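Please build the complex by placing chain B on the supplied structure of chain A, with the hints as guidance.
If you're matching them up, the sequences are chains A and B in order.
For the first sequence, numbering that gives the first Met the number 0 gives the first residue as 0, with consecutive numbering after it.
For the second sequence, numbering that gives the first Met the number 0 gives the first residue as 0, with consecutive numbering after it.
The hints are simulated quantities; they were obtained by calculation from the structure and are not laboratory data.
A quick note: this is a predicted structure, and the numbers were derived from the prediction, not measured.
Glycine included, C-beta positions come from ideal geometry on N, C-alpha and C.
There could be a bad hint or two in this list.
Said to hold, decoys possible - Computed footprint of chain B on chain A, listed as stretches where at least three residues anywhere in the stretch have a Cβ under 8 Å from a Cβ of chain B:
#: 1; region: 107 to 120
#: 2; region: 286 to 300
#: 3; region: 325 to 337
#: 4; region: 415 to 426
#: 5; region: 464 to 477
Given next are the chains, with one letter for each unit.
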Amino acid sequence: MTEFTHIPWLSILIFLPLAGALLCLVLWRREELCRWLALAVSWGVFVLTAGLFAAFRAGGSGWLLYEDHAWIERLGVRYILGLDGMSLLLVLLSGFLMLVAVLVSWRVRRHTGFFFALLLLMEAGILGVFLALDLVLFYLFWELMLIPMFFLIGVWGHERRIYAAIKFFLFTLAGSLLMLLAIIGLHLLHTAAGGAPSFALDNLRGLELSPSLEAWLYAAFLLAFLVKVPLVPVHTWLPDAHTEAPTAGSVILAGLLLKTGVYGLLRFGFPLFPNAAAASLPWLALLALIGIFHAAWIAYLQPDAKRLVAYSSVAHMGFVVLGLAAWNQTAVEGSILQMVNHGLTTGALFALVGMIDERAHTRRIDELGGLWGKVPRLSFFFLFFSLASLGLPGLNNFAGEILILIGAFQTNPVWGATAFAGVVFAAAYMLRLVQGVLWGAARGALFWPDLEPREGAVLVVLALLVLWLGLYPAPFLAPLREPVADLLNVLPQGGLP
Amino acid sequence: MSAGLLFLILAFPLLGALGNLLLGELLLRRVRAAVAVAAVAASALTCLLLWPLAAGEGTRATLFTWLESGTFQVSVDILFDPLSASMTLMVTLVSTLIHLYAAGYMEDEVDTTRFFVLLNLFVFAMLCIVLADNLLLLFLGWEGVGFCSYALIGFWYAEEKNAAAGRKAFLVTRVGDVFFGIALLWLFALCGTLSISAINAQASLLGSGTLLALTLLLLGGACGKSAQLPLMTWLPDAMAGPTPVSALIHAATMVTAGVYLLCRLFPLVSLSPTGMMAIAAVGALSALYAASCALAQREIKRVLAFSTMSQVGFMMLAVGAGAVSAAMFHLFTHAFFKALLFMAAGCVIHLTGGENDITRMGGLRKQSPFVFWLFLAGALCLAGAPLTGGFFSKDEILLADFARATLFYRGIWLLGTCTALLTAIYTFRLVYMVFAGEPRSHFHGHALPGPMRWTLPPLALLALGGGLLNLPPLYGGKEHLHQFLGPLAGTRIHASHAVEWALAVLAVALFFLGWALVHWRHRRAAPEPVGALPAFLLSGWRADRLVERGILRPFQVLAGWCWQWGDGRLIDGTLEGAGRLCLSGGERLRRLATGRLSTYLTALAWGLVVMLGYFAWRIL
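Pulled out of the complex, with its shape left as it was, chain A reads as follows (with noise of 0.2 Å):
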């Protein structure tokens, strides 16, 4: 065992796909080649990250695996980085994540090698922000994973790409540069308090704070992750992105961006500010519950499929917010399983539609109908992947939102009732797509491949995964168990409001 945690694991799973990027930037006219490559690395990483899963599938309290090496020791900047099950759950949805976005992306015939390369880039930074433990290395790998997303949406996106991309970019910015002031505030303060100077999370922790002081601190990084996450009213950047961005761009968006914002909350929001953080629960009840509703609502009217998934996306991030807020142990793992549910159906649903989009160069909801009568395997997924969406028992979407509904119902009732309303919303927006697309007298008499190899087992594969985290989730439970208990100490009087 000690000859295996010797070996710097964390630091290989974010570099390699660093390198990775590396070469493929150099080898950028080689345009097979780099696809290629792009599959082994993230082939690579994805295996990495499943040994990671069951090597610990069993949890434990505090961390798994831990490097800490100096960095910038004038400042006292370190490299740390540590896994715990929370995490690792969230790098391995990351490692699967990516394997599928590469293998959507099989066609992109633009740049293929720089295109790759942002991808990688991508997923070094996520890993970064799912491992890192000082908030300087934080940031970096926060800011990290924006920049290759910009491009990606600037550069491959639809028609509107380019405003959609600015407003993801103004959004995420402004959140995070308060962050980043925030960061360089709570240094200081260590510092003037009389502390070595340093960024880790674990020395800036416990830090007396005065009560408007860490108020306005705890402020600023909720804003930078509740625009991530994002929460009704600052998730309108969302939809934009989510329709122009290219295919693998919408499954990393919804799968992985958003979740770094509720980590973030969990890993340095909440611990670095326990009194604020206890103080603002209800009030993140109260825009979940808003949010589950309001996007629903929205998602109803949609004309344009990729936007209708889009806005069901910030509906289910609702109910993963509601979950914190409810701050029980059944409730946040809930929240945790559902982030990974979220990702999996929501990632699945993405690459349905421009499946769809490739055969039928439209995504308009009016425009398609009757598909089953054309491609019964596509639309065979997609009912099953809409299915999961809308919360069928027996399928991953509701494993998540009934621990997240029975953890709300024990600490508000009114919290629980309402959010159990929503699954008449998210019926019926999704059915509302279910029948736009599927059923109905097929339009046009041209012919359409069904599925090809590479589509169906990227599909069977997720399938198969909705049907596990649905029927039988305790190994994904597992490991969550003692990190959410110690999570849960965090705040005071248990966050009972």
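Same frame as chain A, but now just chain B:
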């Protein structure tokens, strides 16, 4: 016998569905259908073989832990007790017959793989509801049947209208599911478990207000699935699906799931007298409402759909009166005769070449005496002809209400009795319009495939003889079902023989009165009445328009408001406004950088003045 074998009952239909899903396209059409039929038949056979396990308290079996987090723990566990065993047997038997029938009915259809996968999946989900020992597994089945119903109603998806009917069914029942779901969350918060047995055992510890609220929530859930007021609008539209689907899902099994849920949780529900009265009231009003609508319908399947709603109302009424055994009795007899009626109606539609409108039918008795007699058998049960299955079960329900000698329950009884008369009238109207007289239009009918014919007689036997299941002592019976259910059978009915006789005579009188009225109208060859009232009844009291105006339009308006105003103007508008402010601010500042020396010198001078002024102010 090992308790684990009980899971075979669930496994067979699931395996059938999976087998057809993965391999169906490779199989011959007949093999596909055979797989589906065999799966359900195997399930029925297993149920029969394991019957001894149901005795007494029944048998529990656990497969694996489904969800576990914090204090929340749910396993896949089932309970095979008298209530669930008898329901399982009914569901699997009727399903087997209907699957066989469907094999004939769908002979000329394309895409039967999808049909049989969904049909088997439906049976699996339904059995989950029936056998579940915890509310979450029950909820899995509950939503599962909802999905299968959705997909099967819209089976002929190429027509927008069919798919829309499926969607409506899914959404309306899901509104009910929310109430059920909230009850589920609440019960977990109160009892710390979702096990049905544990909840029933702990129910007496709960406060009366809580019990009432829980009962009403559960009633809400039951109303959605069982198409009771006010969540009933989906059932008539659900008839867009293939007829075997209507027979299986929308007559015999799924629509009775709500009644079964209330029976399953009867120990909890029965603790709230007000809640029980609410259940009875919903049942009685739905029964009367639906019967009145059935009087004016023009489509054969819609008549039967409203009649189903009305009969399920009777079952609710029985639960509300505390008579679980009467409710289950009627559930069984109804399943037999209504499945028979639907299947016979399917034959009628087949014979008339796809005609659905009864005003264009007529004279079918001569064309196919076989179908006529079998349809008549079902109709007699429905109308409550003496000594048929429906007669005994309906009588027992009305007796249970009458025996609760309060003003409220007497009122309910009166409503139920009026409904019984209406039932006889609309049933005979249907029979006369379809079978009597001369054909009103010319049809290019099809011949009936074998399976569609010989699945009817067994059901007819079950329907006519269904009374033997629970024959009351008055007629020399032993109330087998009541005895078998034991402590689950609900309150015992206390009524004197004189009252029983009086009610039975009244029932017979109403049956003949209804028949006589229809017969008399037919003899006079009176035309169908026209005018405001029939139109009102035909449209189901305009309930659809009410929902459209009261719920759907506000929903869409609010949705538009959220989109255009909330996201569009308020959030993006504010942010874009801020962006424009930055732009115009920058534009103004840019104008200062003109590159002209004079501007810079003036600015320098002004700056100097300000600085000097500041210093002067500080010194002074």
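Could you tell me which of the hints above the structure violates, numbers in ascending order? 1
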